[in-house]
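*Asks:* One-letter residues, chain by chain:
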Amino acid sequence: MKMKHLLFALSALFLVIALSACSGGDDSSDNKANGENGDKDEETTLHVAALESAYGADMWKKVAEAYEATNENVKIEFTIEKNLEEVVRPEMQAGSYPDVFLLATDREEALTETLIKEKAVENLSDVLEMKVPGEEAVVKDKILDGFTDTLATNPYGDGETYLAPMFYSPTGLFYNESLFEEKGWEVPQTWDEMWELGDKAKEEGISLFTYPIAGYFDTLLGSMLYASGGPDFYNSAMTYEDNIWETKEAERVLKTVEKLGEYTHPNTVANANPNDFTKNQQLVLENKALFMPNGSWVVDEMKEAPRADGFEWGMAPVPAFEEGGDRYAFTFFEQIWIPSAAENKDAAKDFIAYMYSDEAADIFLEAGAVQPIEGIVEKLNDQKKIFYSVYENGALPAMGTFASTEPVPGASISDEVYGTIDSVISGKTTYEQWKKDIEEVSDKLRPAMK
Amino acid sequence: MSNKKARNIFITVCISPAIILFILFMVVPTVEVFRMSMYSWGGFSNTKEFVGFDNFKVLWNDAGFIQSFQNSVLLIVLVAMITIVFALFFAALLTKENLKGNNFFRIIFYIPNILSIVVIAGIFSAVYDPESGLLNSVFDIFSLESMKQMWLGNQSIVIYSVAGALVWQAIGYYMVMYMSSMASIPASYYEAASLEGAGKLKQFTSITLPLIWNNIRTTLTFYIISTINLSFLLVKAMTGGGPDGSTEVFLSYMYAQAYGNSTYGYGMAIGVVVFLFSFALAAIVSHITKRDVLEY
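Protein chains in written order, with my numbering: chain A, 1 to 450; chain B, 1 to 296.
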């Protein structure tokens with residue numbers, strides 16, 4: 001009996017010691033964090049966490065070197081990973097936050113969204129007023145128009161910028177230009193012309209349409225919503241306005257997607273997963289499908305892939321709904337931001353302002369990443385210029401994303417709007433059901449908006 | 001007395017490291033999961049809000065959760081049933097029949113188990129490829145056009161495609177387990193049975209099956225645990241839960257909610273349900289398959 005007591009007491013004691021040891025660790029790191037705050041004159045170590053995307057990690061090292069050359073008391077430490085979320089999440093949960101993040105929204109792990117939802121992202125509106133380091137221009141004058149007043153940069157819709165735009169890329173419908181020349185086809189201006197072309201192509205055994213994965217519809221559907229109802233309508237949809245999906249503007253967008261299902265290459269849905277999505281992109285390269293929604297990154301992504309003879313990339317804005325109607329090309333961009341828990345916020349803001357300098361933009365451009373700043377299009381090579389000059393050829397720019405809300409369990413607007421597209425294309429879900437489901441989730445998210 | 005006391009202290013000191021590790025890395029995190037399921041929390045900030053059982057109430061009306069639950073249960077049942085039949089058949093074949101290349105087959109069957117699940121996902125997305133895939137090509141050869149399917153695209157069969165891959169990788173492992181217990185059954189039983197005129201099937205059902213029953217019971221629990229875990233990995237790597245959530249299993253749904261939807265507390269509530277469900281299922285299965293252990 002005694003033995004049992006002793007055992008119990010001892011294990012309880014160990015547990016207490018172990019637990020207090022754990023919490024003790026937390027305390028000390030907190031103290032350290034407080035202590036290091038505000039030491040401006042001494043050397044600051046700026047911890048930058050960046051996603052390693054198609055552009056590679058080297059450009060960041062070069063940018064850091066250039067930055068350190070002019071800011072001698074700043075040392076930059078990087079965490080550059082393809083699976084950045086998985087690497088930094090545990091560190092952040094232990095209380096150690098990077099100072100600067102280059103991590104876009106709409107990624108599967110949604111780390112950026114989580115911090116936005118938790119109001120744990122620093123307001124960057126003052127960065128826009130700062131001078132670009134080493135230059136005379138103010139940041140907001142240098143950034144291209146429209147980039148800092150979308151829901152993708154001002155997630156709470158209150159006019160304050162929390163995420164700064166980086167590396168932009170126009171998106172649209174990608175196709176094989178030489179195939180169109182060879183067959184004498186015109187790139188359709190309206191959806192009606194699109195269906196006509198679809199019938200013509202079908203006779204030749206070519207499908208009109210394919211898509212890599214349903215998530216790529218965020219840009220296509222965005223452009224369609226813009227084209228159907230204009231920017232205000234788009235913003236109403238993105239802020240979950242009641243019954244917005246019941247309007248005829250929204251309805252014709254959803255109906256068009258449903259009709260697109262009839263013209264979609266039969267293999268598409270089977271390959272629309274993270275493992276096989278390149279097989280869908282391959283369909284366009286091999287002239288088995290005419291169009292796919294994509295961004296200019298696809299050129300590098302499929303660089304090594306075999307293709308039809310004489311293949312040449314072309315990109316068209318999304319067709320209009322009526323003759324002479326507006327056509328949009330959605331602009332995709334990544335975001336750079338500072339978590340509220342960062343230690344060196346001032347240094348971080350200076351670093352972000354530096355991202356818009358010509359010096360940094362040139363380094364990024366070398367790796368293929370295009371900064372959204374004035375005059376960048378002139379510096380692009382010919383291949384890239386074709387894509388980036390889409391707006392000069394009559395297409396309107398479209399930007400934005402769904403407004404941030406408090407987290408609502410079981411309600412994901414992107415699953416409902418984009419995820420369901422697989423079912424709509426395969427014919428399992430009708431556009432009416434789709435519309436109803438989106439309305440339902442919108443109803444749940446509306447009261448949770450900040 | 002003091003001798004006994006000293007002995008007790010010695011025992012305590014000896015087992016305390018294991019107990020501490022067990023508590024720290026098993027008990028505490030499990031309790032933590034249960035505790036977090038009562039909160040509304042995004043995962044980072046200090047604004048945790050205690051919401052009691054609200055997260056669980058939401059679960060009942062969450063179509064996504066119900067779909068993932070159905071998929072998981074279907075996978076557990078299918079994978080366990082099909083694997084057990086094949087594994088027992090091959091195990092009996094390889095132990096009882098003197099086939100040529102016995103060992104060779106044993107290795108071949110076991111190989112899928114060594115492969116990483118991501119490799120298996122790669123293999124099967126090649127097998128299921130709509131155009132050049134093994135399955136559709138075979139149907140092509142035999143002109144069975146009607147059998148050709150979008151194995152990963154047709155929402156009503158894609159979950160069976162996932163089950164197929166899981167069965168393929170599980171057979172070898174369970175076969176080896178059954179083989180080891182079949183091998184320890186004395187050959188004299190079979191000799192006696194065949195002298196009495198019992199056929200192969202009768203021998204299997206009356207001798208082999210009862211004598212390895214305990215082993216089968218243990219593996220039933222393994223089927224439950226491993227299907228829950230492996231289906232998550234396979235689905236993540238092969239279908240991404242798609243098309244449109246039709247291969248979502250409960251761990252992948254939990255992951256999507258805890259991280260993708262920034263509702264960490266809700267994800268933990270799903271974790272609690274999975275925890276209780278797998279425990280309860282294993283207990284029920286173990287209870288209803290309970291037989292007297294035969295000694296030999």
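Hints listed in this document are in silico derivations from the structure and should not be mistaken for laboratory results.
Where hints are given, some of them may not hold.
Said to hold, decoys possible - Straight-line distance between alpha carbons at most 25 Å, and here's what the computed DMTMM-like set of lysine to aspartate or glutamate pairs gives: (1) B:57 with A:406; (2) A:248 with A:406; (3) B:236 with A:301; (4) B:236 with A:109.
Unchecked claim - Now the in silico label distances, taken between C-beta atoms and shown as ranges: (5) B:214 with A:303: 53 to 63 Å; (6) B:49 with A:278: 37 to 47 Å; (7) B:118 with A:448: 51 to 61 Å; (8) A:81 with B:119: 14 to 24 Å; (9) A:45 with B:4: 35 to 45 Å; (10) A:183 with B:101: 49 to 59 Å; (11) A:310 with B:139: 55 to 65 Å.
Said to hold, decoys possible - What the simulated footprint calls covered on chain A by chain B, stretch by stretch (three residues with Cβ under 8 Å from a Cβ of chain B suffice, anywhere in the stretch; the number is not a length): (12) 110–117; (13) 223–234; (14) 413–420.
Quick caveat, the model's predicted, so the values are computed rather than measured.
The beta-carbon is built from N, C-alpha and C at its ideal position, and this holds for glycine as well.
*Asks:* Give a verdict on every hint.
*Replies:* A quick look at each hint next to the structure:
no., hint, verdict
1, B:57 with A:406, "holds (18 Å)"
2, A:248 with A:406, "violated (29 Å)"
3, B:236 with A:301, "holds (22 Å)"
4, B:236 with A:109, "holds (12 Å)"
5, B:214 with A:303: 53 to 63 Å, "holds (58 Å)"
6, B:49 with A:278: 37 to 47 Å, "holds (43 Å)"
7, B:118 with A:448: 51 to 61 Å, "violated (36 Å)"
8, A:81 with B:119: 14 to 24 Å, "holds (22 Å)"
9, A:45 with B:4: 35 to 45 Å, "violated (58 Å)"
10, A:183 with B:101: 49 to 59 Å, "holds (57 Å)"
11, A:310 with B:139: 55 to 65 Å, "violated (34 Å)"
12, 110–117, "holds (count 6)"
13, 223–234, "violated (count 0)"
14, 413–420, "holds (count 3)"
Of the hints listed earlier, those the structure fails to meet are numbers 2, 7, 9, 11, 13, in rising order.
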